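J.: Sequence order for the protein chains is A and B.
Residues 752 to 933 (my numbering) are what the first sequence spells out, left to right.
Residues 20 to 169 (my numbering) are what the second sequence spells out, left to right.
It is possible that some hints are incorrect.
Unchecked claim - Far from chain A by the CB rule (all over 12 Å, computed), these chain B residues:
| hint | residue |
| --- | --- |
| 1 | Arg-21 |
| 2 | Asp-108 |
| 3 | Ile-129 |
| 4 | Glu-150 |
Said to hold, decoys possible - Residues on chain A that point at chain B, a partial pick, calculated with CB under 8 Å:
| hint | residue |
| --- | --- |
| 5 | Leu-774 |
| 6 | Pro-788 |
| 7 | Val-790 |
| 8 | Ser-812 |
| 9 | Glu-882 |
| 10 | Asn-888 |
| 11 | Gly-890 |
| 12 | Tyr-892 |
| 13 | Gly-893 |
| 14 | Lys-929 |
As the list claims (entries may be wrong) - Only part of the chain B face toward chain A is listed, based on derived beta-carbon distances under 10 Å:
| hint | residue |
| --- | --- |
| 15 | Ala-75 |
| 16 | Leu-77 |
| 17 | Gln-79 |
| 18 | Arg-83 |
| 19 | Val-103 |
| 20 | Gln-104 |
| 21 | Arg-105 |
| 22 | Val-110 |
| 23 | Leu-111 |
| 24 | Pro-115 |
Calculated from the structure, these hints are not laboratory results.
As the structure is a computational prediction, the values presented were derived from the model and not from experiment.
Backbone N, C-alpha and C define an ideal beta-carbon position, used for all residues, glycine too.
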Amino acid sequence: MKARYLIPFGIFMAIMAIFVLGLHKMSEDPNFARNVPSVLIGKQAPEIVLPDLFDQSKMVSSSSLNGQVWVLNVWATWCPECWREHDFLMYLAKKEGVKFFGINWRDDEAAAKKFLKDKGDPFVAVGFDPESRSIMNWGVYGAPETFVIDKQGVVRWKNAGAMTREVWEGELKPLLNKLEKG
Amino acid sequence: MRRFWFFALLLLPVLVLANIEAYRFDDPAKEARYRGLIAELRCLVCQNQNLADSNAELAQDMRRQTYEMVQNGSSNEEIVTFMVQRYGDFVLYSPPFRPSTALLWIGPFIIFVVGVVILLIFIRRRNKEPEVELSSAEHARAQSLLDNKK
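So here's chain A without its partners, still in its complex pose (with noise of 0.2 Å):
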């Protein structure tokens, strides 16, 4: 007969015990709980046109990629994440053939020009986009945010959060492998 006051407690605790394994799983990922699923996967890429980070006179244009497969990657020096995977974009630019196409979002045009000229440039190309202006488009919300665009001009992968070598040989590498092939 005492049993059944316990039942409360019990339940108080199974809430409690959900709550602790939610928060710990949380901490254990960052993107956790700001994994928004994309809803571009699977549709026409939008057309970055946006000004050269090293010469704002000049445009860059992710048109220049078409046809081919490419990846876009928003960063910005403010965002320390982005600090964290550069040393790795620089790898996968230079050992693996990887072609990066770079959104430098709402950052201080000298800091980033600084910081690619002393971590070096992974980019083939760098637009400069202070506004939001190109990024709003790809339904960006946070940097680093990595997209993997086909040779038909599709968006066929999304990535918010640093690249890291897991993420790479895990999902990235193997999806490049299968469209460059296609």
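Guided by the hints, dock chain B onto chain A, whose structure is given.
T.: Structure of chain B alone, referenced to chain A:
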């Protein structure tokens, strides 16, 4: 005097309502639409805030986008479609009913029905409990106790 300052201080939070960017509208109807839209569109960065409340930089840019579209004569529907095509249903505070959002809409009712069923089972079981039969000796004892009370 002190009392006056006390009440004046109470008004301080109202200042927070002052908008961050003051957009100028050529038409009050457009301004009303703009206010309605930024109240129902969600900020993607701080996901429990709408665009109107959020100070995030992306929210500022999305407000500017909304403002520009309203000023250029886009309908509310066009602006909402523009946002949904880019950010998905997630950008809406009241998402449309679709297979992916079905649980969101039906979930509370399922929980309600489950609760009612549990309650009914509980009540029924209680009614079914057999009434306790008293022996004649117990009846007599009960009677004497009741008499004593008087």
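J.: Hint by hint, work out which the structure violates, then give me just those numbers in ascending order.
T.: When the structure is compared with the hints, numbers 2, 5, 8, 14, 23 and 24 turn out to be violated.
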